[in-house]
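> Position chain P against the provided structure of chain F, taking the given hints into account.
Residue numbers (my numbering), protein chains in the order written: chain F, 56 to 302; chain P, 56 to 302.
Since the hints were derived computationally from the structure, they do not count as laboratory data.
Computed from a predicted structure; not experimentally measured.
Hints are supplied without guarantee of correctness; some may be wrong.
Intra- or inter-copy, both count: the list cannot distinguish identical chains.
As a list, the in silico SDA-like pairs of lysine to any residue whose alpha-carbon atoms are at most 20 Å apart [said to hold, decoys possible]:
hint, residue 1, residue 2
1, K270, T59
2, K275, N180
3, K79, N133
4, K245, K275
5, K275, R298
6, K248, N277
7, K130, G77
8, K97, N278
9, K147, S190
10, K97, S279
11, K197, Q164
12, K275, D182
13, K197, T135
14, K97, C280
15, K197, S282
16, K275, Q203
17, K150, D189
18, K145, K248
19, K245, R298
20, K275, R242
21, K145, S132
22, K275, N297
23, K64, Q102
24, K197, E256
25, K245, N277
26, K64, D108
27, K97, E281
28, K65, I120
29, K275, E295
30, K118, N149
There are 2 protein chains.
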Amino acid sequence: MLITSVDNKKIKDYVSLKTSKGRKEKGLFLVEGSHLCEEAEKSGLLQELLVLDKMKLEFDTNKEIIYVTENVMKKISNLTNIPMVIGVCKIKENKKIEGNHILLLDNIQDPGNIGTIIRSAKAFNVDTIVLSDDSVDIYNDKVLRSTQGMLFHSNIIYDNLTNVINKLKKENYLILGTDVNNGTDVRDIKVDKYALIMGNEGHGVRKEIKEICDKNLYIKMNNSCESLNVAVATSILLYELNRSNHE
Amino acid sequence: MLITSVDNKKIKDYVSLKTSKGRKEKGLFLVEGSHLCEEAEKSGLLQELLVLDKMKLEFDTNKEIIYVTENVMKKISNLTNIPMVIGVCKIKENKKIEGNHILLLDNIQDPGNIGTIIRSAKAFNVDTIVLSDDSVDIYNDKVLRSTQGMLFHSNIIYDNLTNVINKLKKENYLILGTDVNNGTDVRDIKVDKYALIMGNEGHGVRKEIKEICDKNLYIKMNNSCESLNVAVATSILLYELNRSNHE
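Pulled out of the complex, with its shape left as it was, chain F reads as follows (with noise of 0.2 Å):
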């Protein structure tokens, strides 16, 4: 099939998908370019393709694959530059919180800081994200962009932080916050059950949470710097947690 039309239905069905109203509606979302439509294919959460006309993919699918042209897919992409190729790709809702660490989101806006800690979080070994309602959806392009394609092999789960913070305080898991100025240098704990909470870039984790974390840690730093990025102090946090249970 080649569809040529802007206006084709199928074409504004897609279109919708670039808004988070549209994804919630559909259950679907859009992945652009050949790497993160193979990692869609390869999680099994991949529908069908788009794919422009007279080009050749580059992985093997089994998926149905809609050629379309460049003044289609221009309509389709939020790239300057469009891409070869689509995916549309199906929401995985997950509910469910597994392993033993867990990270926890508070109001994180900046969609290249979720992406970049959801990757983060892969390479360290973190079994479940949880994002506080009010977080930026993670279906939106910068934030897929940014993940690599990690997204596809994470469990991530929206909900309201304080009522899992108190579920996961009864399982035993340690609840772990930060502190720049009386908090615990990281690489001084070592813990096997644990949740780490990460707060909005402004305003940190806020009041009410804050006060139910078990402990505060800190992360060693020259002191004329106020912070760092919280995409970063979640990745050297979660970076030694890791160390701490594999050394």
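Leaving out everything else, chain P in the frame of chain F:
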């Protein structure tokens, strides 16, 4: 002085500072918002302030203040929500490598990554950052915002990296690269005088530079994850190198 027209000569000059070309021609750059303007003031680079009509500055300064109307501010600002104040700063021409901890960045292109790296470099006691001549312009507004003002307290140079490395080698700096497969665990290295080289987001460090590294480093992580975001990887390596120097 109150300027109300976007056609004012001074305003046109400021608008030209939104491009890399304009900044190079005039030797000036802009910073937006109270926090960055205050950091600029402390650093001595602030020349002049543009303040929204009827607003009051949140910090002390003896620099010239020009009041502007909302439409003028909108024309100069890069932000969706215009700031209350924009600072006009002088570009400082650095040419001298200082200190024992040098970070070399080979063709990093994402402004957010560069800004985040500059912020982390300050936190982990890097003395000088050298950017390859083809790296992104650090006076780009997105870089400035991501540094959180740390740019004003950093020694940053643009230069040809091969020449710089050859010079550093003669001065007994250990030249450190990265290698995911055959590198040395960064935690196992102790070095006082080093130059760490980090490469482009997509292509890594260019071949001719990789070849002259004395040692390659590695960050311990889950094998299923191909790589980390470059700002995260740089930050973890600097964090470890900084600790090895202070423990």
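> Of all the hints numbered above, which does this structure not satisfy? Sort the numbers upward.
1, 18 and 30
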